[in-house]
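Engineer: Chain by chain, the residues run as shown.
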Amino acid sequence: MEKLVIVSMGELADKGIWSMYYEVHYGYKNSQGQMRAFQSPLVKNRKTKMIEVPDAALEFIDNLKSKSEAAKKAGDTTTLKRIEEMLERYNLDKNHYVNAIDSQGNIGILKLRHRAKNALDATIKRLRESGVDPLSTDNGRYFLFRRSGTGLDTTFQVEVATKDITVEGVGKVKQDLVHVLTDDILDRLGNEAAKLETLFKRPTSEQVARIVKEGASAVDEILDAKATTTEDGPEDDTDTVESTQTASVPTQTASAVTTPVTTPVAATPTPAPVAATPAPVAQTTTADNIASQSDEEFLKSLGLS
Amino acid sequence: MSDNGQSYTGAVVVLPSFGKTPQISLEMNKTREAEQRFVEAKTVNPVTYTELEHTFNEAYRELKRHSSTVGYQIAIAEKALAQAKANVLLDKYPDFMKDKPKSHDNADLRAAFMIRDEEYLAALDRFNQLKAVESFVDGRIKVIENVCRYMRKEMDLTMRSGMSNRDLYITQGKK
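Residue numbers (the numbering used here), protein chains in the order written: chain Z, -13 to 291; chain X, 482 to 656.
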């Protein structure tokens, strides 16, 4: 189990912020076949739960799920399989992102599920009430994350890492492992830690609608064009986080902390989700021709273009 | 054109011009479509939920836009009303009171005098008209919120019911 130190830095640290919550869309690729993640533009009224700013990418996923229900109802396993493949590709990932250092000294971004973040918050609160600031530079603490259960029953426990020491006349006692941010580490943090507030691009609702409708060409224009004008290139971070996306529990293994070095995602070029050019709509589909259809043709046959 | 083939174009609420404000047309096509489909919420299921929710949310956003527009127009109308009132009280009412004893001056008289002023009356009519439109729009927003809340609850119950997918679709019947 990996021990992790949470660090806050930059302008966010001045405001006492050490984590950022993002809802990120994955599955969209540029014309070179590279994955481009972006923030959901969705704005929901917290009180009424009504959608005030729509997110076409989320609607696309919901529509796919709805079509998958229809396919289940009809017992159309071929279509269902195809939709499930697409749902694996297009997904909305909701996580809290924090800068963390593991016990080997690697600096990287840690993705925390909401429940894990709640457990971490509770542990930090408990420590602060006892007079210890676990996020301080000179008296930090290592955290141990444990997960139990699956699905909706998943729970997380966050504990402070300790070591056993023997005290004369008392016996074995547990002592918190203390972490100090030395000048050397602080220098490294400046280069290696991510700016949490700029991790992912946030296209507008209209831009997301274009990305969903037009596919790679819109990704090039909207997400990649900006990358060339942005100085610090959050695109690199995007790829880095994407590379860890498959880790279902990012908090338990060393691989959860990823150094923010650009690692191009090995992705095979796949066509845009929806083709701009009209394709013949297959009204009566058999298992064979569903399997041979391109993504664009398949989505058109579902009426999702 | 909606998915069920019906056209909802042409549904418009028109606010007549007032002062420097031109005539404003509030399109209600998406709202009309949503209202026509309210009945479908009764039989919502995992297949229809996404599309229905999308339709109702589109109507909600349309109405919210109109609510903002009407809200701004109300602010303008309130200003026009206050200006008309000021014109009456500062310019016309002193002339009216010139030959009368000071004891005649009271709130009822001032209100009566003002209500006969055309500029004030026009501003008041505009204000009341906008309030009615605001109520019209807000009422529909509330209805859509309630329908969506109902659908969410239904879907929540469906998801937690543990029923198999086959059992969810009443049109299919048990096999």
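Among the hints, erroneous ones may be present.
[Claimed, not checked] Straight-line distance between alpha carbons at most 27 Å, and here's what the computed DSS-like set of lysine-lysine pairs gives:
(1) X:Lys523 - Z:Lys51
(2) X:Lys511 - X:Lys623
(3) Z:Lys187 - Z:Lys158
(4) X:Lys623 - Z:Lys199
(5) X:Lys623 - Z:Lys58
(6) X:Lys634 - Z:Lys35
(7) Z:Lys30 - Z:Lys1
(8) X:Lys634 - X:Lys523
(9) Z:Lys59 - X:Lys583
Simulated from the structure, these hints should not be mistaken for laboratory data.
Engineer: Return the numbers of the hints above that this structure violates; sort them in rising order.
Structural biologist: 3, 4, 5 and 9
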